[in-house]
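Q: Going line by line, the protein sequences match chains Y and H.
Sequence positions in the first sequence follow the numbering used here and run 8 to 185.
Sequence positions in the second sequence follow the numbering used here and run 187 to 375.
Worth flagging that the hints you see were computed from the coordinates, not collected in a lab.
Backbone N, C-alpha and C define an ideal beta-carbon position, used for all residues, glycine too.
A hint or two may mislead.
Said to hold, decoys possible - Dumping the calculated DMTMM-like pairs for lysine to aspartate or glutamate here, alpha-carbon to alpha-carbon at most 20 Å: (1) Y:87 - Y:64; (2) Y:68 - Y:102; (3) Y:68 - H:345; (4) Y:71 - Y:102; (5) Y:87 - Y:59; (6) H:341 - H:366; (7) Y:71 - H:366; (8) Y:71 - Y:59; (9) Y:68 - H:366; (10) Y:71 - H:243; (11) H:251 - H:283; (12) Y:50 - H:243.
Claimed, not checked - Listing some non-contacts, in silico: residues in chain H with all C-beta distances to chain Y over 12 Å: (13) 270; (14) 276; (15) 285; (16) 325; (17) 335; (18) 357.
Stated by the list, open to error - What the simulated footprint calls covered on chain H by chain Y, stretch by stretch (three residues with Cβ under 8 Å from a Cβ of chain Y suffice, anywhere in the stretch; the number is not a length): (19) 245-252; (20) 259-265; (21) 302-313; (22) 341-348.
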Amino acid sequence: MKIVIDLELSPRQKKIIRAAVVTGAVIGAMGIGLAVAAPHQWKASDPLAAADLNSLDVVSKNGKQISLGGTYCGKTGSTKGQISGAYSGAKSQCEGVLACGSSTTAHTCDAGELVRTAQLGIAIDQGWFSTGTGASTAPPLNDCNGWTDMTGSYDGLQWASGPGVYGCSLSAPILCCD
Amino acid sequence: MKIVIDLELSPRQKKIIRAAVVTGAVIGALGLGLAVAAPHQWMANQPLTAADLNSLDIVSTDAGKQYSLGATYKAVTSGSYNGSQVNGYPGAKSVCETQVGSPSAHMCTGEELIRSAEIGLPISATDGGTVPSGWYSSGSRATVEGTPTNSFDCKGWTDGVTHTLAGSYWNGFPNYGFCDVPGPVMCCD
């Protein structure tokens with residue numbers, strides 16, 4: 008794809024842009040996929056960099072990245088409801104899923120992402136997903152106590168053609184979205 | 187001055203760039219810093235301003251309210267509230283705007299707290315030490331046997347007296363709280 012942009016720039020802006028073109032820094036940044044600290048707050052005369060565009064659908068904080076508007080991309084190996092590192096540990100496992108391209112922005116699917124995926128007609132395997140909701144059921148339904156329980160004292164949700172309640176002592180893959 | 191850039195872009199990025207090309211005024215940014223009614227619908231020959239770009243992750247109403255998208259945990263309120271003292275969803279947002287000092291701050295949702303925990307912000311019980319706790323919105327309802335019998339954001343954050351009703355309450359993990367028991371509000375932005 009080729010894009011031609013005509014600009015009216017001040018001498019200072021031309022100097023900045025010319026330097027960027029000469030060094031190739033602007034174009035070199037394209038496609039690297041590195042998100043900067045978000046959200047970028049643009050000011051007048053700010054250059055619109057590739058990194059800025061690439062970060063529009065990525066939250067970057069705490070040295071980690073997580074994509075917005077995700078859909079189902081793959082699953083981890085089977086695990087009970089206790090996941091080493093809890094939520095952040097589950098994300099780390101998803102970052103290693105080849106089907107998700109070993110993406111640094113991959114993460115445990117949430118309900119909204121799976122509903123979006125299903126409506127797009129994409130097949131979803133059975134597995135755990137996060138809701139962030141605590142319900143006073145018996146046992147309590149709360150992402151296996153924040154992915155820390157494997158005793159069955161808590162429940163979590165698995166997608167199995169739709170959301171279903173499962174005891175945390177059961178094993179299933181973690182569903183990953185990106 | 188003419189700049190030629192070759193890009194491999196996602197459909198979303200192409201849409202944004204296409205709008206910029208048509209207008210031919212990408213960096214003519216106005217710098218107004220004001221959010222407009224969202225989402226902005228670009229038309230041919232319309233400039234792409236800094237304000238437009240800044241508002242891409244903000245929902246703005248004609249009444250001047252703002253709500254950030256893709257948010258993460260920021261703070262808990264210094265005050266405690268039962269299920270009605272925040273005065274509904276708008277009131278919950280207002281206390282968060284004050285606490286965070288941002289017009290786009292709001293009461294966290296479960297999805298935002300999950301996102302925060304996944305990127306390692308210290309809100310999970312497994313993080314050790316004192317983690318924040320407080321009300322957050324789920325937008326869902328569960329009817330169960332026992333007490334409380336219903337979990338649904340304390341009737342949209344309007345019930346602060348009924349012990350058999352509950353709302354979502356973060357305790358280092360997703361949990362529920364009785365609507366008549368005061369607690370702080372989890373704020374995201």
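Q: Each hint should be assessed against the structure and marked as holding or not.
A: Hint by hint, here is what the structure shows:
1. Y:87 - Y:64: Between residue 87 of chain Y and residue 64 of chain Y the Cα gap is close to 31 Å, so the pair fails against 20 Å, i.e. violated.
2. Y:68 - Y:102: Given that 20 Å is the threshold and the Cα spacing comes to 16 Å, the pair holds.
3. Y:68 - H:345: 35 Å, violated
4. Y:71 - Y:102: Holds - the C-alpha atoms of residue 102 of chain Y and residue 71 of chain Y are around 11 Å apart, at most 20 Å.
5. Y:87 - Y:59: Given that 20 Å is the threshold and the Cα spacing comes to 39 Å, the pair is violated.
6. H:341 - H:366: 12 Å, holds
7. Y:71 - H:366: 38 Å, violated
8. Y:71 - Y:59: Holds, because 17 Å separates the two Cα atoms, which is no more than 20 Å.
9. Y:68 - H:366: 35 Å, violated
10. Y:71 - H:243: Holds, at about 19 Å.
11. H:251 - H:283: 10 Å, holds
12. Y:50 - H:243: 16 Å, holds
13. 270: Answer for residue 270 of chain H: holds, closest chain Y Cβ roughly 19 Å.
14. 276: Since the minimum Cβ distance to chain Y is about 22 Å, residue 276 of chain H lies beyond 12 Å and the statement holds.
15. 285: 19 Å, holds
16. 325: 9 Å, violated
17. 335: At roughly 8 Å from the nearest Cβ of chain Y, residue 335 of chain H sits no farther out than 12 Å, so the non-interface label is violated.
18. 357: 8 Å, violated
19. 245-252: Result for this restraint: violated, n = 0.
20. 259-265: Since 0 is below three, the answer is violated.
21. 302-313: holds (count 8)
22. 341-348: violated (count 0)
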